[in-house]
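Make the complex out of the two chains shown on their own, each in a separate frame, by following the hints.
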Amino acid sequence: MERYIGRDLARPDGPAKVEGRAVYVADLDVPGAWVGGVVRSTVARGLLLGLDFDPGFDWRTVAVATAADVPGENVVALIADDQPLLVAREIEHWGEPLALVAAPDELQLARALAAVRPRIEARAACFDLERSPRVFKSIRVAQGDAGAVFRDVPPGARVVEGTYRTDSQEQLYVETQGFVAFPPASDGSVTVRGSLQCPHYVQKALARALGIAPEEARVVQLATGGGFGGKEDYPSVLACHAALLARVARRPVRLILGRHEDLAVTPKRHPARVRVRAAFAADGTGLALEADVLFDGGAYTTLSPVVLSRGVLHASGPYRWPAAEIRGSVVATNHVPYGAFRGFGAPQTCLAIERLMDRAARELGIHPFELRLRNALRPGDTTVTGQRLEHSVGSLEVLEAIARRTGFDRHAWGAPHAESGPRRRGLGFSFFFHGAGFTGSGEELLRGRVSLALLPDGRVEVLAGSTEIGQGTQALFTAIAAEALGADAADVVLATPDTARVPDSGPTVASRTCMVVGGVLAAAAAELRQRVGDGAASWRERARAFLAGGGDGAVTRAYAPPPGARWDEHSYRGDAYPVYGWAADVAEVFVDEDTGEVDVARLWTAVDVGRALQPRLVTGQIEGGALQAVGWAHREVVSARDGRCEQDRLATCIVPTTLDAPRFDVTLVEVPYPGGPFGAKGVGELPMDGGAPAVLSAIEDATGIHPAQVPATPERILDLLVARAEEAHA
Amino acid sequence: MRPLRLTVNGDTLETAAPAHWTLLEVLRYRLGLTGSKQGCDKGDCGACTVLVDGRPQLACLTLAALAEGHAITTIEGLMPLHVAAGGDGPDPVQGAFDRCGALQCGFCQPGMMLSARALLNRNPCPTRGEIREALSGNLCRCTGYTQIFEAVELAVAESLGVAPAPRAWEEQRMKPAEAQEQARRAAAALAAARERNDGGPGARS
Ligand code: FES
Ligand code: FES
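Residue numbers (our numbering), protein chains in the order written: chain A, 1 to 730; chain B, 1001 to 1205.
In case anyone wonders, no lab produced these hints; they're calculated from the structure.
Below, in silico cross-link-like pairs of lysine to aspartate or glutamate (EDC-like), each with a Cα-Cα straight-line distance of 20 Å or less:
id	chain 1	residue 1	chain 2	residue 2
1	A	Lys-137	A	Asp-292
2	A	Lys-137	A	Asp-568
3	B	Lys-1042	A	Glu-261
4	B	Lys-1042	A	Asp-27
5	A	Lys-204	A	Asp-82
6	A	Lys-137	A	Asp-81
7	B	Lys-1042	B	Glu-1025
8	A	Lys-204	A	Asp-81
9	B	Lys-1042	A	Asp-648
10	B	Lys-1042	A	Glu-106
11	B	Lys-1042	A	Glu-646
12	A	Lys-204	A	Asp-498
13	A	Lys-137	A	Glu-569
So that you can see chain B by itself, here it is in the shape it has in the complex (with noise of 0.2 Å):
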């Protein structure tokens, strides 16, 4: 057993565990942190990911004796240290995560929250490629990762005070009436299309 002493969401703990315990096992097994998830133990998914001195890092890959003396953020401090640091309730991130839909499973949430708070407070406005760099060691197996895009972007549309895009697949929903109406139209349209069958451009953004 090998002493620890640890800062972890603003606190210091006191604790020990095997020296080849990792940071993950010790947040885990001995702080009861089980918040930060292990998806491979291999340094594959970042479902394990949470942020040392503002950094995302891997806390499967990390000896927990190494973290000691670095400030190491979880997700169950998200919401504390954005009340601490004056905010009301969750961190933004998490708020959009919640209502974009960026969450199905959860199991890859608080790894990836963490990763996009990392990035926020080094790019206050990314661009959807910096987002996906940003998330790119963060799997998600269940959303198809657009979501969560436009929840980064939602955050960062609310801490800049302007309204966020509209999400693609609502501008385009149809109403049911609409969709008879369509369904009437459609061979009509497509015969006409047939006609103009002239090897045109094909997909038109």
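Chain A extracted, bound-state conformation (with noise of 0.2 Å):
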């Protein structure tokens, strides 16, 4: 009988939330500590020349950090490294560092930083993904030849194509970024504590551009104020700012970004352009699909061939395609770089497949809830990476709870209304699957860690580097480790995020923290709980015990892959993931086609989840992760001029209020995993996928119009809407 698994736990994290007691890394009370800040490039490309400093300005007065001043290496070391720390001469983006400046307070800082005037020699730059001169990477995947299909188009088969587009978006953690840095110890090392969801890849970073070894930088992550992806990469680029500020100042260094400030700089998602095409039988079935996925990577690498190679396996969407090709390709322009935001590309092809299949069936005259049916991937089917599902996938399950909430499969999609008046109301559609876990061999490569130690009093202790950024990582694993231990919840104690004491158990991304690290954890428990014995006494009576006869109570486990995974990294073939999440969206909407603007009612989501270790936890990501895709779908305007965004604060970078969500209805499916722990499988980024499409299909339902790009404005709609009457007036 499972204690833990399947019931809500208190949120260890929880009572110190409520009351105002949790530690962020703004309320670190450091004594002693300067506030560091950043002199920005004001072009998009240009030669930095050189850095004036004003004589009038007392400069004893502060401690200032120049390319010139980085110990190691000027670089940001991520991917491809050639992201410099501080620019040394070439400026590739509006924003970008130029100096450092720490002062004793924000008053002196600001006069140093108006103090600081960079020459720069401006240049041409590129905002257009299709112009750009540069690819940072491509990517091919392909199955069967699809070319030959649509050269030679068998006869009664209909190929359908469409263009789509898909604009950034900010990931809107609701605390913005920051550090505390301290001067570097006696021995060199180096302590930094912030707001973060990786520790080891801010730690490699750190070791880069400091010149010392991994183990001399320290990563302490403190309460974080949401993540969402924004603070995996851009982490590594503030610790290095501020432990370079520290080092100069030979104090410690407050290095937090005001709003206006993390807006201007921080990765965003990745603005994208999706063409598609597909060939159907006239019963549907899908016979070839060729996608050409092209994203704009701003102005360095970060992350970007990873975001490329997420986005490039779902474009598919969760279906059987007897011939594919897919290529995809990341380019530079002089944005500020993109970077990771749940769903890391994701979205932006789910969208484009999506919408595709509205207009398939619209085209066929199949109702869309049955062409999707007809080609959705089922146990036994075939990937178009040649991957064979063998186990949970929830496809038709949440298909058929989808249309058992909703009757979505007998609403008249698409139909002429009969309604009058300029407010039509509008039912939406969409199907979506996502890889959990890292791409391809990622995990092998990576091989997480978790180590289990025993106190002296009985209790365990877990030591892990997954980070709680608000997803409920510290329930999770104390859920999980206490039902793997056989142990109470009381028993089990979280090591902070430390990397002084955590090992590397990979970063907090990919909707891998359950499925991945959780696994790897119920295994170090089972094998505790072996050498420790089951008995009549209590957990911590026998654990004693074990300690007092000598036992070993430390033990560490790392990742092992499911047995006869096999993937290839050059012909993009195999076992794209080790499992998928599969989800089903339905939208209602209100469109006014007087001024073009939506109102979100409704939002039915079905979403396989393997199994619901915490079921309030899991609905709380699949709501919070469905409103941030409604957001996107039409709301959340993200736009740059000259390669500078335009939003500077959160009055003009709009998210969903309360007044906006829509009234969300979640379905949770459980199709276990067996690779999984206690059969559950990655889920956070899921509910990001299938927003957009569900809500454009439902505009498309309201109006009869087919919205092609994220967001849809009210302006798009306007265009498209008085596009839709001149056509019937021609």
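What follows is the structure in structure tokens.
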């Protein structure tokens, strides 16, 4: 009988958070700390000829660091090492860091920042992803001969095509990014504390920038006010800046971005243009798919190759394609570098394939639900990379569940409306999947580790590098450990993610914390339980007796890939992900045809999570992710002019409020995954994928127009309505 | 520096700060009350919401000097004030937020809970619409808001001594065996649905 699985556990981080005691980076009281700031470029591309320091300012009152002060390599170590920590000569984007300043207080800092005068020679910049001169990475996935199908379309078959665009999106964690760095200790080691998702990424970046060994860089996570991918890559930049300042200032430095600066310089979702065409037999069976995926990577590589990879691998949608050819590129522009955001490339391609399925349904005269059902990947089917789906394939289950909840399968989608007046109601649909964990051999190469340590009082300390960023890592790990040990939740304590104490469990990204790291934790706990032995006495009594008898209470386990998994990085063939989450959404919208305004009134979603270890947490993940998706669909505008983000504060960078949120109706479908802890699989990103296509589908149902760009703002909808009216008139 | 005499969570506190400092700055960086958060400093996010004479107010837009003579309540004061009023442990709003999943990263929570407390003080039994309205100045990026609404409703139900309504997702959660069974029935059910494809009402509630 399971005690903690499938039942909601009190959040270990709950009491401190509701009482206002949780310590976020800005709450840290560091005596003697100075405040740090960044001198930034005011052009999107150019040459830094020099930095002039106003002689009227007393520079002895502050500390300054430039590229010349970087003791190690002047790079933000991530994938390609092409991004400098501080510009030495070439400027590639607006807001790029040119110099750093630390001062005793905000006022003096502001004066000093204003007294640094960069001499810059502006150069022509590129902001158009279709005109980019440079490709960061290209990927091709091919199966069968799709070209042959399109060259020689079988009789009765039909080819449907479309081009779909998605704009950027801001993560908008409510706590801005920040670090406190301490000056080097006498042994040269350096400590930073901050708001972050991936302590070991930051550690690696610090070591390279400071020219020290990774063990000499200590990274400690504080309570973190949201991440959504936004605190995956950028904390490495900020931590290095803060550490550099602490080094030159010889005292602790707080470097916390204001909202304006955070919006202006931190990486956001990659804008995309996806061209897609598909051939269908007359009965709607998919014959072949071709997709051409283009992502704007911005000025530096950051995580773009991996984002592109996930985008390309999700471009097929959750469908069977006997033949497919998907080409993708991520290119350089002079936009602020784009980076990780929940969904990680998949929402962009999911939007394209789902919009295409709606268009195909219309052209083929088949109900959009039925078209999806007919082509849905089922157990035993093969994906476009040749992966045979064996376990936890909840595709039909989620379709059935969403039909049962909404009756969408009987809704006359796209039929002309009888209503009069400008306000039109519509229902829209999307069906989607999301690979959980790292792509391909990622998990195998990473071999994320978890350690357990028996404390003298018999409690078990969990040591993992996975971070709590709100999603519930602490509650999940407590439940998994207690269940696998056969102990009480109170017998489990969680170590703070501190690189000096915890092993590298891999980053807190890619829907992998519960499924992958949680799985390693469950295995480690099972091993410890076996060592200690079962019995009538309580866990703590048995554990203390085990220790008294000289038992070894330290266990470390690393990730072991599922048997038989294979992946070829060069051909992009094989098992792209350990397993997939499956989901279907139905959105209800009201569109005002006079204003183009869209109101998303309801969102139903059915999600196959494998096993809901903590039902309340997983529901919160689904609702929170779905609201981000709905916001992106029609409301969250992020734009750049001359490479500079136009949204400078929360009043202009709009995200949904309580009044904008639809009523959610979540159905948890549980088709257990044998490779995950107690059957669970990753779900963090999945809810981000389907909201936008469902909303655009509902707008099409309401109005008859075919929105092809996210966000579907009132202006864009009005343009399409006008074009429709002109067409009707002609 | 301007001397300040503020009444915070029932205590009268004396401090001094530059004349232009906001209430948020004084609370956080003079009085050590860091529970009130700064999400924007421009009045856009609501994370800094405190109660001034029982009404929600944005501390980042309030000059500290203008808060003198008013009763200020911050998140740190919710539990002590509840206990002082004869309660036991945390304010019901805090307990409900903790249990309902209304907090994820927690950064919006202090402001959110103070807005909720102010609502319940003036309207002990609000509708879902009134809750949405009252919390509309408090941004949350994590939860999608539903579990926050449910938490406020739970606090209401508990204070009225009635059982809270079950949460929607609890009713709809499929058991694994049930899911498998439904999978088997899926094809048949859907075939039947297509037969009936009569342009029916679509979504039913
Ligand atoms: S910090 Fe006051 S409203 Fe955002
Ligand atoms: S819980 Fe993170 S912003 Fe609300």
